[in-house]
Amino acid sequence: MTEFLGLVLSGLVTGAIFALLGSGLTLSHAATGVFNFAHGAVGFVAALLYFELTSGGGWPAWPAAALTVAVFAPLLGYVLHRLMFRGLATAGETQQIVATIGLLIALPALGLWLVEVLGLPSVTEGASARGLGPQPPTSYEPLDGVRLDSDQLAVFALAAASALGLWLVMRHTPLGLRMRATVDQRALATWRGVDADAASAQAWMLSSALAALAGILAVPALGLDQSAFTVLMFTAATASVFGRLRSIPWTFAAGLALGVVQNLVAGYGGSLTEQVTGLATGVPAILLLVGLVVLNRARTRVAGTVAQDTPPPDYLADLPPWRRVLPWIVGTVVGLVWVLFFAGDYWAGLVATGLVFSLIFCSFVVVTGIGGMVNLAQASFAALAALTAGLVVGHGLPFGLAVVLGVAAAVAAGLVVALPALRLGGKVLALATLALGLLADQVLFQIDAFSNGTLGWKFPAIVLGPTDTSDPRTRIVLLLAVIGVVALLVRNLERSPSGRAILAVRSAPTAARTAGVSAVRTKLTLFAVASAVCGLGGVLFATFAGQIYATDLRVNLGFVWLAVVVLQGVRRIGGAVVGGLIVGVAHEVLSYVTDSTHVEAILFGLGGMILARHPDGVLAQFAEQRYRRRRKKAASTEGGGTGSAGPLDSSHGDTEVEDSPVERPGTRPSEEPALRLEGVVAGYGDTTVLRGVDLEVRSGEVLALLGANGAGKSTACAVAVGEVSPTSGRVLLGGDDITTTGAVKRARRGLYLAPEGRGIFPGLTVEENLTLWLPSTVDRARAYERFPRLAERRDLPAGSLSGGEQQILALAPALIRPPDVLIADEPSLGLAPLVVRQVFALFGELRERGVALLVVEEKAHEALELADRVAYLGQGRITWSGPRAEVDADELTAAYLGIRPTGRPVEEGRA
Amino acid sequence: MPRHTRTAAAVLLATALLSACTTTENTGSGDGAAGVTDTSVKIAGILAKTSATGYSTGAAEIGAKARFDRANADGGVHGRRIEFTGAEDDGMDPAKGATAAQKLVQKDGVFAVVPVNSPSFGGGSFLEQQGVPWFGWATGPQWCGLRTAFGYNGCLAPEPGAGTQTWWGSQVAAQLGGAEGKRAWIQGTDSTASKTGVSTISQSFTAAGFKIAGTSAAIPATAPPQDWLPYVNKIMKAEGGPPDVVVSIMAGAKLNAGLFGALKKAGYQGAISDATSYDPIVLKDPALKAGLDGVLASPQFEPFESDLPQARQMRDDIVKASGGGAVEFTQHMAVGYWAADVFLAIAEKAGKDLTRESFLKAAESFTYENPGFGRIEYPKDKKEPNGCGALVQLKGAAFEVAQHLRCTPNTPLK
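As they're listed, the protein sequences go chains A and B. In terms of the numbering used here, the first sequence is residues 22 to 932. In terms of the numbering used here, the second sequence is residues 4 to 417.
To be clear, the hints were calculated from the coordinates, so they are not data collected in a lab. All clues stand as given, with none of them false.
Cut-off 30 angstroms, straight-line C-alpha distance, at most; resulting in silico cross-link-like pairs (BS3-like, lysine-lysine):
no.: 1; chain 1: B; residue 1: Lys-386; chain 2: B; residue 2: Lys-45
no.: 2; chain 1: B; residue 1: Lys-237; chain 2: B; residue 2: Lys-398
no.: 3; chain 1: B; residue 1: Lys-364; chain 2: A; residue 2: Lys-479
no.: 4; chain 1: B; residue 1: Lys-383; chain 2: A; residue 2: Lys-479
no.: 5; chain 1: A; residue 1: Lys-479; chain 2: B; residue 2: Lys-386
Treat the numbers as computed from the prediction; the structure is a model and nothing was measured.
Put together the whole structure using the sequences plus the hints.
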């Protein structure tokens, strides 16, 4: 019993560190949607700084810790936010994963490189910093036989205090509310004046500080050991997963429990942990896998990743096929001639090594490039195939059989990984593959019979006629042939019915399912093909090296691979080939520049940060550049004309529409329009939606903007609130030009948008929803007085209200603290007629109080009853506008159908 | 601006590649006299200078340089100077090790690779295939039984049936005044390599007369545990009470200091011995120093603190090679030093007509003794360790010789 208690108590101390690290991970993920694989790396560099300050600079522990946690870490978080995370928030999930993996590689290397360059005390094996507790530590024995020392108590107290502080900040401060609002509905938060970008920055700063504190608390036991910190990070990830990546209290509890479980397994695992090598080590990985599969099924989007993960435009589409492959053929031939006849053995060897990696990287093209899934266990697949082949060869069986069985083993493993992939998507899948990879390293490859213990397996060279693969040139030719076959296979896979099925599942899983595309078979095919390619690469890697050990291809190696191949472009085989060659020669090329081994890691890792901006890799960049040049050239030869369609094309359109402000129709006068759009041309990418729109709303007036589906009404709203910037034209608020002002500032200057759907934060309580626009308690009290229903539900999450209540909640703040301008996008959508009347009554009330209202509606009836003036939007232009009294049914019909009544130019309808 | 940057980057990369490509004229593979001229022999090493865990064997470079410098000062080997060009870093990555071996042989054209010191060296099969001799610390099975691989103190990863060392057990027994009735606990980490080590070292202690109180290989290998309690409990509650000696085969000061510190806190009174803590970094870190105080470390050479002439000579040579001043002596320096020493002895025997072939021929039946590291006998010691080791003990602020280097007969590995 004493032993049990002792194990639990001291397990809680270890757990506190997991909990702290996990909480930071959960916080940043919940606040920004990015799962930071580099969270442990932040802890490592913080610990490194702490070490340099204390052991190197002779600082006392507490000031050093304070500087690291309160100054350095938030600063690092802010810099990373600016450089990388900000761009990632809207990127596809694959890019998010790869970019943070890149950071995981680069950040510690950067820290160690700086230590090297600045000549600071170097980090040697076993180097660590002292703990924050008193020195020397005192030991207590609270119960007979249960010992705790002051260091442990300090760790636990600090972790608990930080957790409490974090909870208070998140729940009870405006800062926390802003962060949670941003997480809940990022765009809406912006429209309510919350600077979502600043909230994300704050989340990253806070999360970095937590990582730093965890790093400082962990380093006395762990030492400044990069890989140990990565292991710690994965344990923290387990805690975070048990918090469903959202809940900080649950993450914290899970972290504590994990520390205890680990201790109990180590203490009572008995002969099982002694006999099954790696079982004790693998506890967090096993729990990670269980947690992912049980708790974190992706609910909406499954496997293939996300809708925004669309393939890049094909910049070579306008080129004939021969022109597309020409650079590759020329490159290959020139390279081949050089390497076969001119390069020495050494360079031939480097190229051969690089091409083995190229082959392995081709598997990333299949699973990530085509399938949109991230498999972090690719190195383990290669190792599995190589060890299996080694086992076969080691038992005297023929090499051909070894290749077949090695590849088969990898395929089998691929199918095992694909099973969670059926239910998980994106980062959850990536984490699951990571857990499997760790388990392979820690348990499977530790089985003596499989990996032949520390002896490993030996491979003979492959004899090909007069030559064999001990000659690098033979290896190169063989590898090129294999890669060529794989390239053909990949091309056929993309073009075949199953390839189209893959794309369908990737971009719209639900639609694909409805259309009868089997996601199950598709994903299984992808993983099987990728694993086969990877397995073959692994077998050849081992064969050409002459041997394979269980430790040759560790799971972490896969991270570097992923970063390199994605940097070159993961959607095409070319990227994989170039990536492999880079891995092969990078060390040699860099040795001409620097002696530091960290530079290579920094460069590979920086790939991740580049990726945040250019998600399709370096090769696609070149293609895009050439495409732009071709376009430019074509445009100039056409003679004078603007090459691009769109903006300038349609600008003459606004001459058709009135230039001068609309005559004030009937109600109250006011000099300056509250909101005015002038000749606004706007759209998305190459598509122009608004082709010169003029609109104005005055205070105390309701303008109904009507139009058919797709006419550009929502785009007009988006331009008004600052969500979409116009390519030409101006937006004026109260006479001031706000065209370049951001959405947050517009909201703060009195522009209120009730967006399409419900303009509420479903994850926040009613009270919190109101607080965002009504920070003062008095104002909120007035809101509750006005709407007793809301008062009854003030502590419920807004998402649990009925549709009508939600719409009232969305508008209530505006009623208490009226904005200058209120834009309501489809306010009646999906509401019962009774509620619609209630909502429009509120609009009437707001008008009475002098608010300028722009009400956008597809269904015209209620809007027309309320409106002072009406404007029709059709095909990106205002086709008619005038006082309500002059609205005629034909005009309305024409506006909706997008046609003009014959013989009547649009101007005539104007008042 | 971004376009210019990209263009510049592309040009830079192309230039770098081109400049790299033009330096590939030297392809001396298969040439038995590669790296040897009338006046010089070209040598370089491969070490794990850096690694993700911070473990480094980089100091072996200065050790080897020290020994080669002295050889050169004494007139070289048969009139040829040793041209030692330093060591490559394999970062503890087998693939990088293989590339480094290719670079040294095919690009730099070295005669032999000395010293090699990396726990997971991956260049062995290439060097064997090219017939290039390599010398160093043969801690892994990739060394054993190869024609070209030479561990300065033999092969430390023998296969079952081959001889395994008994010196560690005997030296500890000598230190404790005999093994009669004493019980040893052998501790490893949760990996297959460590498990093999536990059974090998158990045999060494059994052969010396110890009883095995218990063994464990369950400490997580990937990161030192934050909490040592469960592992300490196992040792303290071993059948028959706490053992008389705890032997750790775990590598790394952090792991060992953590376990030993926790053991002492739990009231453990017996002796402690490990393989890797004879390291000056221990003296600098208060936590490590406290954890490792009194621990018997087990170097496989005559310790630097010894007053034997060979140890003194090694110290002097290393100080000289480092440019004078205070030097922190490490195990890896000695590994580099003695690897170079054995290489020189074989080169001496190979005679004036030095080629890789003549060198390997000379090594085919070769015996050499030196009180600095014991003795070596090829080909026997290509399959088993030389069976020699010493004990040093950390006492307060310094290491002291506890037992001078001694060689004991090997026993067949079960």
